[in-house]
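Colleague: Here are the chains, one letter per residue:
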Amino acid sequence: MPLSKAALHARRFAALGDPTRLSVFTLIARSPLSVAEVAERLPVSRPAVSQHLKVLADAGLVQCESVGTRNLYRPDTDGIATMRDFIDSLWDVGLARFKAHAESLARSRAAQSSKEKP
Amino acid sequence: MNPTLASAAEVAVRKSVTVAAPIALAFEVFTARIESWWPLASHHIGDADCAAVVIEPRSGGRWYERGVDGVECVWGQVLVWEPERRVVLVWQLNAQFKFDPTLHTEVDVRFTAIDDGTTRVDLEHRGLEAYGADALAMREAFGSPNGWNGMLDHFAEVAGTMDKAAPTH
Chain V
1 MPLSKAALHA
11 RRFAALGDPT
21 RLSVFTLIAR
31 SPLSVAEVAE
41 RLPVSRPAVS
51 QHLKVLADAG
61 LVQCESVGTR
71 NLYRPDTDGI
81 ATMRDFIDSL
91 WDVGLARFKA
101 HAESLARSRA
111 AQSSKEKP
Chain B
1 MNPTLASAAE
11 VAVRKSVTVA
21 APIALAFEVF
31 TARIESWWPL
41 ASHHIGDADC
51 AAVVIEPRSG
61 GRWYERGVDG
71 VECVWGQVLV
81 WEPERRVVLV
91 WQLNAQFKFD
101 PTLHTEVDVR
111 FTAIDDGTTR
121 VDLEHRGLEA
131 YGADALAMRE
141 AFGSPNGWNG
151 MLDHFAEVAG
161 TMDKAAPTH
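Sequence order for the protein chains is V and B.
Sequential numbering from 1 applies to the first sequence in the working numbering.
Sequential numbering from 1 applies to the second sequence in the working numbering.
Hint data in this document are derived by calculation from the structure and do not stem from the laboratory.
One or more of the hints may lead you astray.
To be verified - Distance condition first, Cα-Cα at most 25 Å in a straight line; then the derived DMTMM-like pairs of lysine to aspartate or glutamate: (1) B:Lys15 - B:Glu84; (2) B:Lys98 - V:Asp88; (3) V:Lys54 - V:Glu103; (4) V:Lys54 - V:Asp18; (5) B:Lys15 - B:Glu56; (6) V:Lys115 - B:Glu82; (7) V:Lys115 - B:Glu35; (8) B:Lys15 - B:Glu82; (9) B:Lys15 - B:Asp116; (10) V:Lys54 - V:Asp76; (11) B:Lys15 - V:Asp85; (12) B:Lys98 - B:Glu56; (13) V:Lys115 - B:Asp49; (14) B:Lys98 - B:Glu10; (15) B:Lys98 - B:Asp116; (16) B:Lys15 - B:Asp69; (17) V:Lys54 - V:Glu65; (18) B:Lys15 - V:Asp88; (19) B:Lys98 - B:Asp69; (20) B:Lys98 - V:Glu65; (21) B:Lys98 - V:Asp18; (22) B:Lys15 - B:Asp49; (23) B:Lys15 - V:Glu116; (24) V:Lys115 - V:Asp88; (25) B:Lys15 - B:Glu72; (26) V:Lys54 - V:Glu40; (27) B:Lys98 - B:Glu84.
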């Protein structure tokens, strides 16, 4: 289970790692849009937009819903799951930075105390 | 995506990291020097730039950020304060990273000395089911420049500068 969770996590980050895809995601996060509407707002072709949306959907970041004859994409916002994932990545980054900072401080203090000893 | 999750009794995030630092230093860095490692330094909740993030070192203390303009913005409070062992913080920031007194999630951090120079830090952020009522607000949070999207940019940037510093699981 932790592995598949980590894999999903990695996929989400990878999906957003592409600047164009991040722009697509940011756009539909503001309001649900169709492929054509996204293509009108970005310098990206419709087929390319479709491809980006497919990657985002596979990563669990967007959902497609049919409204009349239109297929609208919107963020996949299961409130709890989204927030949980967000906080998960928040602490991943936070603890990594905490570790790096504490260790560099520990090293410099150790170096200082060994210098002070005769 | 996962409908059962919404009805789960408790939703939590659990992390462990082993740090090559004595326990006293690890505790000090975590609680007294948050701004040195907090990943959201550029996504704080106040209007002015963030000068410091403060955990008042006592149970019942406040947990807040102070802007360079001197204005203090509360993040939550200190529930448990056991120096060099454990700290439990109430995290009351909503999906928009704004203080919400009705929201109650807890960050429970335990410090364990492995040896004189090594400390394990176990962190649990629990009560995340409280965000269930906030599902609509999540939609807005996605779009705001200081919300999810802005933070993702920041994460991508920070994560790109990290490799060997990744936490252990």
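Colleague: Indicate, hint by hint, whether the structure satisfies it.
Modeller: Quick rundown of the hints versus the structure:
| no. | hint | result |
| --- | --- | --- |
| 1 | B:Lys15 - B:Glu84 | 18 Å, holds |
| 2 | B:Lys98 - V:Asp88 | 18 Å, holds |
| 3 | V:Lys54 - V:Glu103 | 41 Å, violated |
| 4 | V:Lys54 - V:Asp18 | 13 Å, holds |
| 5 | B:Lys15 - B:Glu56 | 23 Å, holds |
| 6 | V:Lys115 - B:Glu82 | 33 Å, violated |
| 7 | V:Lys115 - B:Glu35 | 29 Å, violated |
| 8 | B:Lys15 - B:Glu82 | 20 Å, holds |
| 9 | B:Lys15 - B:Asp116 | 22 Å, holds |
| 10 | V:Lys54 - V:Asp76 | 13 Å, holds |
| 11 | B:Lys15 - V:Asp85 | 13 Å, holds |
| 12 | B:Lys98 - B:Glu56 | 20 Å, holds |
| 13 | V:Lys115 - B:Asp49 | 38 Å, violated |
| 14 | B:Lys98 - B:Glu10 | 22 Å, holds |
| 15 | B:Lys98 - B:Asp116 | 39 Å, violated |
| 16 | B:Lys15 - B:Asp69 | 34 Å, violated |
| 17 | V:Lys54 - V:Glu65 | 13 Å, holds |
| 18 | B:Lys15 - V:Asp88 | 8 Å, holds |
| 19 | B:Lys98 - B:Asp69 | 18 Å, holds |
| 20 | B:Lys98 - V:Glu65 | 30 Å, violated |
| 21 | B:Lys98 - V:Asp18 | 29 Å, violated |
| 22 | B:Lys15 - B:Asp49 | 29 Å, violated |
| 23 | B:Lys15 - V:Glu116 | 37 Å, violated |
| 24 | V:Lys115 - V:Asp88 | 41 Å, violated |
| 25 | B:Lys15 - B:Glu72 | 29 Å, violated |
| 26 | V:Lys54 - V:Glu40 | 18 Å, holds |
| 27 | B:Lys98 - B:Glu84 | 29 Å, violated |
When held up to the earlier numbered hints, the structure conflicts with 3, 6, 7, 13, 15, 16, 20, 21, 22, 23, 24, 25, 27 and fits the remainder.
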